[in-house]
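Enquirer: These are the residues of each chain, in order.
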Amino acid sequence: VSSLAFAIFCLAGFTVPAFLIAWLDRPRTPRAPKG
Amino acid sequence: LYAGHFAAGLAIKARVPKAPTLWLLIGTGLLDILFGPFVLMGIERVTMTPGRPPGFSLDFIDWSHSLLMALVWSALYGLAFLKRGREMAFVLGFAVFSHFLLDLPMHPHDMALWPFSHTHLGFALWHTPYWWWAELAFIVAGCGYYWMRARQIGTFGGRAGWACLVVVVLHVLNAPWLSGNA
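Respectively, the protein sequence lines represent chains V and H.
Residues in the first sequence are numbered consecutively from 51, following our numbering.
Residues in the second sequence are numbered consecutively from 23, following our numbering.
Honestly, I wouldn't trust all of these hints.
Residues of chain H placed beyond 10 Å of chain V at every Cβ, according to the derived structure [stated by the list, open to error]:
1. 48
2. 93
3. 105
4. 116
5. 136
6. 170
7. 188
8. 194
9. 197
Reference excerpt, derived from the structure (chain H facing chain V, CB under 10 Å, subset only) [to be verified]:
10. 25
11. 35
12. 38
13. 45
14. 47
15. 61
Calculated from the structure, these hints are not laboratory results.
Just so you know, even glycine gets a beta-carbon here, dropped at the ideal spot from N, CA and C.
With the rest of the complex left out, here is chain V:
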């Protein structure tokens, strides 16, 4: 494994899941009442 691939793995391995989990953590917006 090259150093560059390892560096990208370290960066992406933490930042990509961090963005996804932070997105899932957002509070749900209340639904607009019908009618």
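Following the hints, position chain H against chain V.
Expert: For chain H alone, kept in the frame of chain V given last:
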């Protein structure tokens, strides 16, 4: 530790709901995020060890993972959030330092006290068959606390169950019997 760091970030979020989730999660992983570029720059070294858990040997990680540098990175990261108040700066700095605390039981005696120190820390759980289960127990505790607080408080964790599932899936993907490093 990998997915366990995300569980730590979520547990801190549950304890301090005002803290920014993304920066907490980036913070808990910061030492490993730095480790990659440091290897690329040649100031830290790693050797792949296929078939031997965890699949690599961390030969020199003093600039990202030594006790002194973990404190330095934590302080710098916390300072970056000082405009949000001292409490937030401390919480985000602690998120970074939690990485060192959680790595301590796992790492095989490769975490120096400071760069080039001859004294190294780490209880080598990685070299036992139990590390994956120990990390899973921590993930269940951290994510369970986050999920419970999210339901109680309601200002975060809109999809707390999915967030926890992502952490568990990351841990499953990191299982030694999937990577051939059992």
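Enquirer: Hint by hint, say whether it matches the structure.
Expert: Hint-by-hint comparison with the structure:
1. For residue 48 of chain H, the condition that its CB be more than 10 Å from all CB atoms of chain V is violated, with the nearest at approximately 5 Å.
2. Annotated as non-interface, residue 93 of chain H keeps its C-beta farther than 10 Å from every C-beta of chain V; the closest such distance is 20 Å.
3. The claim that residue 105 of chain H is not at the interface with chain V holds, since no C-beta of that chain comes within 10 Å of its own (minimum 20 Å).
4. No Cβ of chain V comes within 10 Å of the Cβ of residue 116 of chain H; the nearest lies about 17 Å off, and the non-interface call holds.
5. With a cut of 10 Å on Cβ distances, residue 136 of chain H stays outside the contact zone with chain V, its closest approach being about 22 Å.
6. Interface exclusion of residue 170 of chain H from chain V stands, the closest Cβ pair being 14 Å apart, more than 10 Å.
7. Consistency note on residue 188 of chain H: stated as away from chain V, yet its beta-carbon is not over 10 Å from all of that chain's, at 6 Å minimum.
8. Every CB of chain V lies more than 10 Å from the CB of residue 194 of chain H, the least distance being 13 Å, so the non-interface label holds.
9. Every C-beta of chain V lies more than 10 Å from that of residue 197 of chain H, the closest at about 15 Å, which supports listing it as non-interface.
10. Because the beta carbon of residue 25 of chain H sits about 8 Å from the nearest beta carbon in chain V, less than 10 Å, this interface hint is met.
11. Interface hint at residue 35 of chain H: satisfied, since its Cβ lies 7 Å from the closest Cβ of chain V, which is below the 10 Å cut-off.
12. For residue 38 of chain H, the interface hint is violated, since its Cβ never comes within 10 Å of a Cβ in chain V; the closest pair sits about 13 Å apart.
13. Given the 10 Å rule on beta carbons, the hint for residue 45 of chain H holds: about 9 Å separates it from the nearest Cβ of chain V.
14. Because the closest C-beta pair between residue 47 of chain H and chain V is about 4 Å apart, less than 10 Å, the hint holds.
15. Interface restraint check: residue 61 of chain H against chain V, minimum CB-CB distance 5 Å, threshold 10 Å, status holds.
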